[in-house]
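For the record, the sequence lines run as chains A and B.
Numbering-wise (the numbering used here), the first sequence opens with residue 6 and increments by one.
Numbering-wise (the numbering used here), the second sequence opens with residue 452 and increments by one.
Note that these hints are calculated values from the structure, not bench results.
Every value quoted in this text rests on a predicted model; they were computed, and no experiment measured them.
Don't take each hint at face value.
[Claimed, not checked] Under the rule of at most 25 angstroms between Cα atoms (straight-line distance), these lysine-lysine pairs were calculated in the DSS-like manner:
1. A:Lys106 to B:Lys744
2. A:Lys106 to B:Lys655
3. B:Lys631 to A:Lys109
4. B:Lys639 to B:Lys528
5. B:Lys744 to A:Lys146
6. A:Lys109 to A:Lys127
7. B:Lys631 to A:Lys106
8. A:Lys10 to A:Lys222
9. B:Lys655 to A:Lys109
10. A:Lys167 to A:Lys118
11. A:Lys106 to A:Lys42
12. B:Lys573 to B:Lys649
13. B:Lys744 to A:Lys109
14. A:Lys146 to B:Lys655
15. A:Lys146 to A:Lys42
16. A:Lys10 to A:Lys42
[Unchecked claim] Stretch-level coverage of chain A by chain B, calculated; a stretch enters the list once three of its residues show a Cβ under 8 angstroms from a Cβ in chain B:
17. 75-87
18. 111-117
19. 171-179
[Claimed, not checked] Derived Cβ-Cβ restraints for the label pairs, each shown as a range:
20. B:Glu475 to A:Thr68: 50 to 56 angstroms
21. A:Glu39 to B:Ile724: 21 to 27 angstroms
22. A:Gly116 to B:Asp515: 56 to 62 angstroms
23. B:Asp482 to A:Gly116: 27 to 33 angstroms
24. B:Gly689 to A:Ser130: 40 to 46 angstroms
25. B:Gly603 to A:Gly177: 54 to 60 angstroms
26. B:Met716 to A:Ala123: 36 to 42 angstroms
27. A:Ser130 to B:Thr604: 38 to 44 angstroms
28. A:Gly116 to B:Thr604: 37 to 43 angstroms
29. A:Asp216 to B:Asp482: 50 to 56 angstroms
30. A:Ala124 to B:Val651: 45 to 51 angstroms
31. A:Asp24 to B:Lys744: 24 to 30 angstroms
In this text, a Cβ means the ideal position worked out from N, Cα and C, and glycines have one as well.
In case you want the letters, here they are:
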Amino acid sequence: MLELKNVSYTVKAGQDSYDDRDHDIIRDLSLTVEPGKLIVITGPNGGGKSTLSKLIMGIEQPTGGTITFDGTDITHLPIDERARLGIGYGFQQPARFTGMKVAKLIRIASGEKRMSSAACNKYLSAVGLCSANYLDRDVDKSLSGGELKRIEIASILARNPKLAIFDEPEAGIDLWSFDKLTATFEELHKTQPDHTILIISHQERIMQMADEIIVIKDGEVTRRGTRDEIYPTLMFSKNQDPACAFTRTAEAVSY
Amino acid sequence: MAENTAVAPAQVGSELDLDAISREMLEVIADMHGETEGAVNIRKNGCLACRTNSDHVTITSKTDNPGIDIRVDAGCKNEHVHIPVVVTEEGVHDVVYNDFFIGAGADVYIVAGCGIHNGGDKDAEHDGIHRFFLEPGSHVVYVEKHYGEGEGTGARILNPTTEVHLGEGASMEMEMVQIKGVSSTVRKTTGTLEADAKLVITEKLMTHGEQHATSDLDFEMVGDGATVRVISRSVARGNSVQVFHPNVTGAAACRGHVQCDSIIMDNARVTSIPAIDAKSTEAQLVHEAAIGKIAGEAIVKLMTLGLTEEEAEEQILEDFLS
Ligand SMILES: Nc1ncnc2c1ncn2[C@@H]1O[C@H](COP(=O)(O)OP(=O)(O)OP(=O)(O)O)[C@@H](O)[C@H]1O
Ligand SMILES: [Mg+2]
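This is chain B alone, in the form it adopts within the complex (with noise of 0.2 angstroms):
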């Protein structure tokens, strides 16, 4: 589907074209309500359906594939982009290259997130190419929330792949869900880390029905004094199943931290494959990995506490996956 280069230069307010559900599903994947303040680009049924530009980030449309090039100027402090897609048609395909330019020393704050509304019996399918390159001392925390709903019988497919690139002292906070409702995602996400870069990803993931999550994570850290630190806390549920194969390699005196909790529930099937990859005596990496079903400790205390079984099984998910 082509991408549609007309600019609306609308805020994400009354004045937007967007129907009820589009905007319940902005509210659930980039918290977006009324007026979001910095720049916004609003993508629907691989269609841009409204950009604004703030005074330090710009946003255009790629010419050679449907996409958006993302570019924060040097040395800018606090400045916010949402960037979220909403498919809310059955039978839609939509790839969509979207590339960050983070200038030296910019601090920014980046929501992307999917929210597909599949009513229909055909499979509703997005897929999001994010690249991120941070020039040095650059900071980006970014959110990504994948959420699926829907009634029709159509598969809900997110398959995302991140790919980023931090400079030297450059630091990046990734916080990837995935709520509920999507039937299958294949993640990739991949990074390479000069010396002092240093990188927090979070991936917390619910599975639930019959339902697959394939999460496949691989950094390299080539410079000294880079940190890559992997927290992955996944359930599943129902006949869901999950695999995960996390990797941090280190080429130089570096620190790697993989961690991956799973809670498995009903006759789900986890499997998680934590690795490291030392390539210089100075690296010091670790990984743990843990699979289990709901501590019964914690299910009496919080009984004691007046919760039913059922109320104190859904309050330590959430917990868990907050």
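Next up, chain A with everything else stripped away, as it sits in the complex (with noise of 0.2 angstroms):
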């Protein structure tokens, strides 16, 4: 459903560059999506995920290579089309919005204007969202990093596209609603076998939800394969410092 052929996105030094250099940041890049999968990009800080998620989703334009979604050309189209075809995108770092609440972004992102409260709660309580004053609140700096996070997957689980990316959904996010948001995207997966969900994650729990993985280093796919090919390559070191037992952190893998 997704195919890229020899993406690169180079920053020129003098224009976006902060320094005075080239930099290469995805190198000519291929890669493969078939429908129906749940795949786990992972890989190191600066490895490219998030520009690459960016690049499917329009928000930056390659330097070279082509990108096709379900046949059609989209190298070149504009994020809101690439939107209506079906591809969808939660940010790494969400967007605030000043005077919006949380119940219209809901909507917005469902196209459905007119959806009931109870609707929207719906959305809100998969990522663990469970109180129903969250629709009133503002989209705005009022709200935490972590309820922010969790407004931003409801938004892509209301507008349910055909392929979903996440970044990093687990960032910034309690035990509890984790467990929720990862018990969403298994039943999304079960039940929406057409769909496909791209999670670009250093979670271990998630990784392990995967039918493949794919591993981005320096610009570069250096690994892919199924969750029982590579898993176990990538060497989870477990801490097991005491005073970190609340804390979910990504634990330290090595790729």
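Both chains come to you apart, so use the hints to assemble them.
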């Protein structure tokens, strides 16, 4: 359903680059994604995972290569057209809006202007935001990081795109909501066999749900295979420090 | 223009003789359609068009100046008052003095507002001078919407002056909105607060084209425990110019907060000069002001949800001023 051919993304010196050098952020990357799969993309910080998602969504333009979605060349399509074709992206760092209610964002995402509060709440509880008064909150700086992140994910659930990309959905989310979230992803994967879920994650539990794992490092796919092939090679070293027993951060991973 | 003292005992319903334009504007500025509950006073082109009193609200015409006195009985609850103004003729310069006397412990919801439809090439202006006297323990919600329309080249000018006096423990929420179409406005809002009085004023303004808007706000807290919160949100588009000058003075153990947020677009200009003035060591005063263009990441997020860039922009502005 999604095919990237020789995609590259270079930031030129003197343009967007923060210094006076060119940066090859994605290098000649080719990748095919089959429909119905739950795929986890992992890899070291700065490896290019978010950039890759933004290239797929159209937020950044590749400097080389082509991107095809369901047979359509989308390489140069604007963001909103890709959205209408069925691509969705939950940001690693979600945007905030002054004066916009959570309910409004969910309704815009779903495309149903008159969606009932009960229906909106369904998406919020899927990410562990159970109290009804969230619908009336503003999506602005009054929300905590974890609340905002979960509302971002809920907006993608409400949109229900054919290809849903979640960029580190676990980041900043508490234990209880994380449980709810993984259950939601599993449910989604099971009940919609023609939809594809791409999750960028450093989280062990999320990787265990994957049909396939892709490792991206220095802008390239360094490894790809089924969960059972890739997962054991990632070599988790469990953090046994009891002081950290209540924080479930990404366990140390060696790629 | 002389105040028409004849009282038309009509509801804002079908029997009242209002043209279609006035009816539409009443909906926009005062949410009035069909029967409106509570006390009503409609002023059209400088004359009284309709008045209804209610059990606890009495409206009388002033004898010295054009305008009305609105008296709300002490202790009454959930009273509604609608006093909209419409101007549909060019060349009208309407000045009106409205005084509100709110009895102790009363709880009232007041909707004012002015709509100008200027189809001609001469200016049309309405200057409303509103004074509020809140007795101790009373509570007022005041909503004022200003709106202009019309195909003529004549300016639509609205210069409101609003003065509020909050007695001990009184509280007031003011929402003052300029929707669009007002060529020029100079807004002056002032007030004093006694002990434990509480005022929240939200001002929302949108200007476009060649419009000018100036808003001066000045509140002084004279009693311990008083609080003032000023929230100003504006959008300036086209070649429009906005100038904000809110000031909060604390002369007691009180708290004041001024927050101005503006979105600037096209070739507009926004000047924001918030001020705080402490006359007591116990006054806690804070101001914040921010002016910037629409956040790019917010537009991008809405585009990922299928909105075009233009739709995303309009949505963000609508919410910002909602
Ligand atoms: N405009 C830019 N100029 C220079 N470098 C950039 C620019 N944009 C991104 N980069 C770099 O590209 C690299 C990849 O960034 P990206 O955000 O895609 O990484 P990531 O794999 O998502 O990392 P993380 O796991 O930390 O989220 C980083 O080194 C980043 O600094
Ligand atoms: Mg990232």
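Checking one constraint from the list: CA of Lys573 of chain B to CA of Lys649 of chain B, max 25 angstroms. Satisfied? Violated, at about 42 angstroms.
Measuring from beta carbon to beta carbon, are Met716 of chain B and Ala123 of chain A in 36 to 42 angstroms? Roughly 37 angstroms apart at Cβ, these two residues keep to the hinted range, so it holds.
For the pair supplied as a hint, Lys109 of chain A and Lys127 of chain A, confirm whether the alpha-carbon distance does not exceed 25 angstroms. At roughly 14 angstroms apart (the allowed maximum being 25 angstroms), Lys127 of chain A and Lys109 of chain A satisfy the hint.
Assess, step by step, whether the Cα of Lys631 of chain B is no farther than 25 angstroms from the Cα of Lys109 of chain A, and give holds or violated. With Cα atoms ~23 angstroms apart, Lys631 of chain B and Lys109 of chain A stay inside 25 angstroms; holds.
Run the distance test for Lys167 of chain A versus Lys118 of chain A: straight-line Cα separation, threshold 25 angstroms. With a Cα-Cα distance of about 21 angstroms, the restraint between Lys167 of chain A and Lys118 of chain A holds, given a limit of 25 angstroms.
Given the hinted pair Lys10 of chain A and Lys222 of chain A, is their Cα-Cα distance within 25 angstroms? Between Lys10 of chain A and Lys222 of chain A the Cα gap is close to 17 angstroms, so the pair holds against 25 angstroms.
Does the beta carbon distance between Gly689 of chain B and Ser130 of chain A stay inside 40 to 46 angstroms, or does it fall outside? 44 angstroms, holds
Check whether the Cα positions of Lys146 of chain A and Lys655 of chain B lie no farther apart than 25 angstroms. 20 angstroms, holds
Taking a Cβ-to-Cβ distance below 8 angstroms as contact, does the stretch 171-179 of chain A have at least three residues touching chain B? violated (count 0)
Hint says 27 to 33 angstroms; check whether the CB-CB distance for Asp482 of chain B and Gly116 of chain A agrees. 29 angstroms, holds
Checking one constraint from the list: CA of Lys106 of chain A to CA of Lys655 of chain B, max 25 angstroms. Satisfied? This hinted pair holds, its Cα atoms lying about 17 angstroms apart.
Given coverage of the stretch 75-87 of chain A by chain B, checked by CB-CB distance under 8 angstroms (3 or more): Since 3 is at least three, the answer is holds.
Violated hints for the displayed structure, listed by number in ascending order: 4, 11, 12, 15, 19, 21, 27 and 30.
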